[in-house]
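Undergrad: The listed protein sequences derive, respectively, from chains A and B. Going by UniProt numbering, the first sequence opens with residue 1, and the numbers climb by one from there. Going by UniProt numbering, the second sequence opens with residue 1, and the numbers climb by one from there.
Please note that the accuracy of each hint is not assured.
Stated by the list, open to error - Partial selection, computed: residues in chain A whose CB lies under 7 Å from chain B: (1) D16; (2) P18; (3) G263; (4) V277; (5) P281; (6) F283; (7) S284.
Worth flagging that the hints you see were computed from the coordinates, not collected in a lab. All C-beta atoms in this analysis are idealised placements derived from N, C-alpha and C, irrespective of residue type, glycine included.
The lines below spell out each chain.
2 protein chains.
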Amino acid sequence: MRAAVYEGERTIRLEDVPDPRIEEPTDAVVRIEQAAVCGSDLWTYRGMGAGPGTRIGHEFVGTVEETGPKVTSVRPGDWVIVPFRYSCGQCRFCRRGLQSSCVRGGFWGRECADAGQGQKARVPFADGTLVRALPDGSRPEESLVPSLLMLSDVFPTGYHAALRAGIKPGDTVVVVGDGAVGVNAVLASRLLGAGRVINAGSSHGDRNALARRFGADEIVTERGEDAVRAVEELTCGRMADAVLECVGTPASFATALRLAAPGATVSYVGLPHGVDVPMAPLFSRNVTITGGICPARAYIPRLLPLVLDGIAKPGDALTGRYSFGDLPRAYEDMDARRTLKALVDVDPRA
Amino acid sequence: MRAAVYEGERTIRLEDVPDPRIEEPTDAVVRIEQAAVCGSDLWTYRGMGAGPGTRIGHEFVGTVEETGPKVTSVRPGDWVIVPFRYSCGQCRFCRRGLQSSCVRGGFWGRECADAGQGQKARVPFADGTLVRALPDGSRPEESLVPSLLMLSDVFPTGYHAALRAGIKPGDTVVVVGDGAVGVNAVLASRLLGAGRVINAGSSHGDRNALARRFGADEIVTERGEDAVRAVEELTCGRMADAVLECVGTPASFATALRLAAPGATVSYVGLPHGVDVPMAPLFSRNVTITGGICPARAYIPRLLPLVLDGIAKPGDALTGRYSFGDLPRAYEDMDARRTLKALVDVDPRA
Numbered sequence: 001m002r003a004a005v006y007e008g009e010r011t012i013r014l015e016d017v018p019d020p021r022i023e024e025p026t027d028a029v030v031r032i033e034q035a036a037v038c039g040s041d042l043w044t045y046r047g048m049g050a051g052p053g054t055r056i057g058h059e060f061v062g063t064v065e066e067t068g069p070k071v072t073s074v075r076p077g078d079w080v081i082v083p084f085r086y087s088c089g090q091c092r093f094c095r096r097g098l099q100s101s102c103v104r105g106g107f108w109g110r111e112c113a114d115a116g117q118g119q120k121a122r123v124p125f126a127d128g129t130l131v132r133a134l135p136d137g138s139r140p141e142e143s144l145v146p147s148l149l150m151l152s153d154v155f156p157t158g159y160h161a162a163l164r165a166g167i168k169p170g171d172t173v174v175v176v177g178d179g180a181v182g183v184n185a186v187l188a189s190r191l192l193g194a195g196r197v198i199n200a201g202s203s204h205g206d207r208n209a210l211a212r213r214f215g216a217d218e219i220v221t222e223r224g225e226d227a228v229r230a231v232e233e234l235t236c237g238r239m240a241d242a243v244l245e246c247v248g249t250p251a252s253f254a255t256a257l258r259l260a261a262p263g264a265t266v267s268y269v270g271l272p273h274g275v276d277v278p279m280a281p282l283f284s285r286n287v288t289i290t291g292g293i294c295p296a297r298a299y300i301p302r303l304l305p306l307v308l309d310g311i312a313k314p315g316d317a318l319t320g321r322y323s324f325g326d327l328p329r330a331y332e333d334m335d336a337r338r339t340l341k342a343l344v345d346v347d348p349r350a
Numbered sequence: 001m002r003a004a005v006y007e008g009e010r011t012i013r014l015e016d017v018p019d020p021r022i023e024e025p026t027d028a029v030v031r032i033e034q035a036a037v038c039g040s041d042l043w044t045y046r047g048m049g050a051g052p053g054t055r056i057g058h059e060f061v062g063t064v065e066e067t068g069p070k071v072t073s074v075r076p077g078d079w080v081i082v083p084f085r086y087s088c089g090q091c092r093f094c095r096r097g098l099q100s101s102c103v104r105g106g107f108w109g110r111e112c113a114d115a116g117q118g119q120k121a122r123v124p125f126a127d128g129t130l131v132r133a134l135p136d137g138s139r140p141e142e143s144l145v146p147s148l149l150m151l152s153d154v155f156p157t158g159y160h161a162a163l164r165a166g167i168k169p170g171d172t173v174v175v176v177g178d179g180a181v182g183v184n185a186v187l188a189s190r191l192l193g194a195g196r197v198i199n200a201g202s203s204h205g206d207r208n209a210l211a212r213r214f215g216a217d218e219i220v221t222e223r224g225e226d227a228v229r230a231v232e233e234l235t236c237g238r239m240a241d242a243v244l245e246c247v248g249t250p251a252s253f254a255t256a257l258r259l260a261a262p263g264a265t266v267s268y269v270g271l272p273h274g275v276d277v278p279m280a281p282l283f284s285r286n287v288t289i290t291g292g293i294c295p296a297r298a299y300i301p302r303l304l305p306l307v308l309d310g311i312a313k314p315g316d317a318l319t320g321r322y323s324f325g326d327l328p329r330a331y332e333d334m335d336a337r338r339t340l341k342a343l344v345d346v347d348p349r350a
């Protein structure tokens, strides 16, 4: 089969790789239909992640092709959503909804696991990992597929940010960041009953419009101290009850912490790069820092009905659509911020 | 009247200062009966806080001597507990129990406010600040007074650490630190239903015994990586559901973060000195950092019955008792770790 391989800074190629097969009785093999490119794939693309020769991609949906003898929850032919990390479903972390810490779990593309931007993938612990889009395993409506694809990572990640921030009905929420996670954090804040959602840190008109479409009431185009002053003005000095940090850089983190009202929570969901937080300034304000890697598998069952019913349309953040052969161009466009997030149609015959 | 004044590194003197009087209609004047020396007073004592000439002390109890015309909740003669910060009781923060962020509040000994180690104090916003020990304002039993004194700061502070950590019944809690806040955090963890409380970071036999008396199941005498290994062993590698950081140094903070299980919370309640937390190592474990300055006024009403009923005896952490004239020696003994925490009987005629 063919799959995307990172071959060095700003070089992604489709290459021939071994076909996956059932290795453990709990495995399934999934034929990938659509994949997305994640902001974290871009870190790799820019040479700040795994080394050359690494398979890439971890957001994907498709059809079960084969299952091991111990798999009970899915059958060949089922249309499934694949979370961005596989998990056993049995350990103490999986049982309490923290599948991101599963003791047997792992990341796609690491330790001999297949990755998500390819024609197929062997899925370890199929019962603990895969989620059928519809109860009978049938194929969902075509128009829903991009939003279902967003359930593999970005929609749950935005939801994780909002949930961990403890948003209460009526709260003022500031989302820092204008990427796909940012707009999904806006959406999740809305779903959790936020009274007012401000999206901060973007002067990009298209992204501002998208944030509004996802539920932002106000846009603060400034960054840094200017953003702090803008939020001060918008809130009459009260600042935010919850701040969702969706960038992960030292500058955005520092801004997020300054936006928090006394007693507020700052929730982050992107891997922080080089971020050290000085504690003393938070002490007098009782500001909580929470978040971390999202246990997507825990949230998919609860967010799935919102997508199927058309209440949430996270797929609207997929602003570019590419054929499988055009996957390198998807990376180029995201890297140059020409598109927010890329959807790739995987061609089984390519 | 006479009051303690910080006069330079390791120099505290009792000096003549102006008698307090009612200045605002919401003021009260309190005659101080007992005061305690706080770990944060020691930072000042060691030259790492306010400058020479500063009045010191913020943990005190006593009797209302006079009230302004707008004070309705206390009368002259009432025996009261004074929280370590005064607060208006009316602003949006006071109303939601975050009196530590009161917009009109302040610290004892700063901005012309009296401090707590003296014969009297003018109490701004008496209705928002003072709490009668007994509903009728009468004097409590003598034996209860040290524990009531601990309600002004250290018991609520330990409780704040435990409460913010979100301790659930059965949880494994590690308290880092062997000071008065540490043992009170042990006590509070117990009150909130912790299944197992481990006190870490002290090889001081007397303090270990005190921690056990306050409810610690186990003592880890090691610090740093050795403490991490010891807790790993005690918990079969599972680590703590909640870690209460009660020291505030970079080393103790680093240890506290390492002791947290995936999904756990690290709660800190002492002003962190020079602590910067790198975020990346917390990301994969979803570790929350919370805490901050305790809104003592919010907790006094709920902890008071536990003290009056003898369920909680936080006063047992007051290991040294000093006359008013011996107050400088109280500082010397705490500084040299000869006593954990000093109680001072204030003599109205000294």
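Undergrad: Compare the structure with each hint and give your call.
TA: Structure-based check of all given hints:
1. D16: Result: violated, 33 Å to nearest chain B Cβ.
2. P18: Status violated, d = 29 Å.
3. G263: Cβ of G263(A) sits 5 Å from chain B, so the hint holds.
4. V277: holds, 5 Å
5. P281: Status violated, d = 10 Å.
6. F283: holds, 5 Å
7. S284: This interface hint holds because 6 Å falls under the 7 Å limit.
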